[in-house]
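Sequences and hints are given; from them, build the entire structure.
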Amino acid sequence: MTIIKTASRPGLVARLTKNWFYLSLVGIAVVSLVRIVTDTNDLDSTGTIRAAIIATCPILMAALGGLWAERAGVVNIGLEGQMILGTWGAAFFAYHGGPWAGVLGAALLGLIGGLLHAVATVTFGVDHIVSGVAINLIGAGAATYLAEAIFPDYEGGGPRQLVGLDPPTNITIPGISDAASNVADHHWFFVSDVASVVEALTTNISSLSLVVFALVVVSAWVLWRTSFGLRLRSCGENPQAAETLGVNVYLYKYIAVLVSGALAGIGGGFLALVSSSGYSASQTGGRGYIGLAAMIFGNWRPGGLLAGALTFGYTDSLRLRDTDAVHALLLLVALALLLIAALRLVRKQINGAIVMGVVGAAVLAWFLLTDSVPREFTVMTPYVTTLFVLALGAQRLRMPAADGQQYRKGSAG
Amino acid sequence: MTGVRLRRFGMALLAPAIAIVVSVLVTTIVIAAVGSSPGDFWSAMFSDPSPRLRVNIINQTAMIYTAAVAAAIGFRMGLFNIGIEGQYLMASFAAASFAGAAYIGGFANVAVSIIIAMAVGAAWAGIAGILRTTRGVSEVISTIMLNAIAITLVGYLVDRHGVHEGNSVHTTKIAKSSMVTGFTPYEARDGQIWALSIIAVIVGVGFWILLNKTRFGFDLRASGQSQTAARASGVNPARMIVISMMLSGGVAGLVWLPALFGAAGSYGTSYQSQLGFLGIAVALLGRNRPLGMLFGAVLFAFLSAQSNTLTFGTDVSPSIVQITQGVAVLAVVVAYEVVRRWRTRLERRVVASELGTATEAKA
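If you read the protein sequences in the order shown, they are chains A and B. Here the first sequence is numbered in the numbering used here, starting from 34 and rising by one per residue. Here the second sequence is numbered in the numbering used here, starting from 2 and rising by one per residue.
Mixed in with the good hints there might be a few duds.
[Stated by the list, open to error] Covered by chain A, according to a simulated footprint, are these stretches of chain B (three or more residues, beta-carbon under 8 Å):
(1) 138-144
(2) 149-161
(3) 279-289
(4) 329-342
In short, the hints are calculated from the structure, not lab data. Each residue gets a CB set at the ideal place from its N, CA and C atoms; glycine is no exception.
Set out below in structure tokens:
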């Protein structure tokens, strides 16, 4: 009997960390605890979460675009350029045809960027990174030039901006919204945290945000639950084997990169239509790269990149808000790191546990010894996190086996 | 024999020629598409540059060329250093802070600042090199992250420790005695060719010697072409990756120094970003060859400088040049690939026909 009991303990830990549902419950509990201990309700107030959702969506779209391309074996560094094209496309088409025309226009412009990338990498076998860098140059140049050439003639436009566009409609679900708002205002442990998430999701949420989240689910379903998705992923794992099975590898790679560009374009469109009220020059601010980072952080999986994009979006939104919240975030990070360290200790990964423990203790000391955190440091968070994740977890990350490799038709022999 | 060599030479020039034609075509189409006049644009672009612009072109060429060499060192090793942008940002800030603090005076201050810039650039690139060799992290991803970190880190440091003036902020001005201005080829109002532009010449010649005349250069090229072959001949790949990454970063650290000591005098609003990406583009355009990159750097500097005249004569905005530059890079890599495939097919046909005649002769 005693043997069974001791064996069930690591089983519990394993079960708790394997399941996303339990993991998010634990996450909410920790956040709630930190909120109460540090007395910063802004840490996960409805306002913060709403801002976080708005900051997450563009990153999420870029990450999803990266997922499509890389699952078919094409590295798409050009996400940033395709996003920039998307911001311009959204503004141009929204001005003429309303917000949803803007979204389609953003997708179209991103798709053009994707087409360029596909022609260069798939048809001509150019190095994927080289092509991506060139597309970023072209995307930035094209958007700037087209804006300077066209927007000054428009109402609310100038060489570097086009403001006053109608955003897609916001949606409120009446009953749930009020109830959640009520509960959230009580600042109870756990319950209020869940309530403020619910309130943010049901009150005045942009319909485009809902489309973005739906696209993640649809992508996950298409890529992992349909034979089309299986064939597409086989092009990223082993194109030669796919070819011998009769898969038209070029076609699948083209589709994947075009979808990738379109999704990144929608991400740019989100920036122009929802995050702000119009196009402005250099609006993307490297979010295409953050999206790429979120995808790697998420181990080339939809659930993972969603978590990555939410993390980065949350930190991105915090810098615009209360500095106390940022300081409280330090405690959160410290606790998370110490938790991971404990987890590694349970799994007997001593080295990892020590590294995580030391970093966690350092962050904890930083929290205890200071009163505020410079805003710049929150801006840096996504990048530093990605470097850490890559450096500590590179062995456990698994990208598609033929990712970034050149493939020519007939090479299966 | 000369026929073969001539043909090879012609083929080497074919790809850049195609690329230039394509980028000119695309630019013309884009200009026409928004309803401006391509004719006005090209006549403005190819008008004789004014003295002021000529000086500007030379200065820009020097900085772009240095960045291109930094990129090329990585490329020849098979590494993609996208982090030049961040490396020269960190280095420029460090050099400007050190020189501005005036711990030592006169030219010694400049010399030490140059060394500091190289060291900081090398260290920042070295992080990516070490992550690659010890943890297997792709240098592409890590340098992108390091670029973003550098931008925010420098932003924070200059905001915290810099001199605030109105809305702008910059590091302490470098004393007059530690500035290296240069010489004035035309009148004073046309500006100066910065003396430290000589860095580009040194770096270019040094790059050529390193590649072609040293054992390290041979190892570098060997590792770039075949990791396994290099390893078999006794090259330590991990060491090569870290060293060449740091070398690339060290050269990147020099990029903005001519402007810093020639005119700007501090790190602030006059800082010129994007040179790193232009350098990568030029390295691709020039096939990582010292002379090819010189051609590319002159072309890019010429385009950027000439585009400033557009605002007077035409309704085409200067940012059109960014499209031209980007298309040129994409077109040149595609053209190289097409020419390579075409040449392989041609060679195959030549060999096949020679074999055919040989067997016929035997029979």
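Hints, verified against the model:
Coverage of the stretch 138-144 of chain B by chain A holds. Counting CB-CB distances below 8 Å, 4 residues qualify, and the rule asks for three or more. Counting residues of the stretch 149-161 of chain B whose beta carbon lies closer than 8 Å to any beta carbon of chain A gives 8, which reaches the threshold of three, so the coverage claim holds. Under a criterion of three residues with beta carbons nearer than 8 Å to beta carbons of chain A, the stated coverage of the stretch 279-289 of chain B is upheld, 3 such residues being counted. Coverage of the stretch 329-342 of chain B by chain A holds. Counting CB-CB distances below 8 Å, 6 residues qualify, and the rule asks for three or more.
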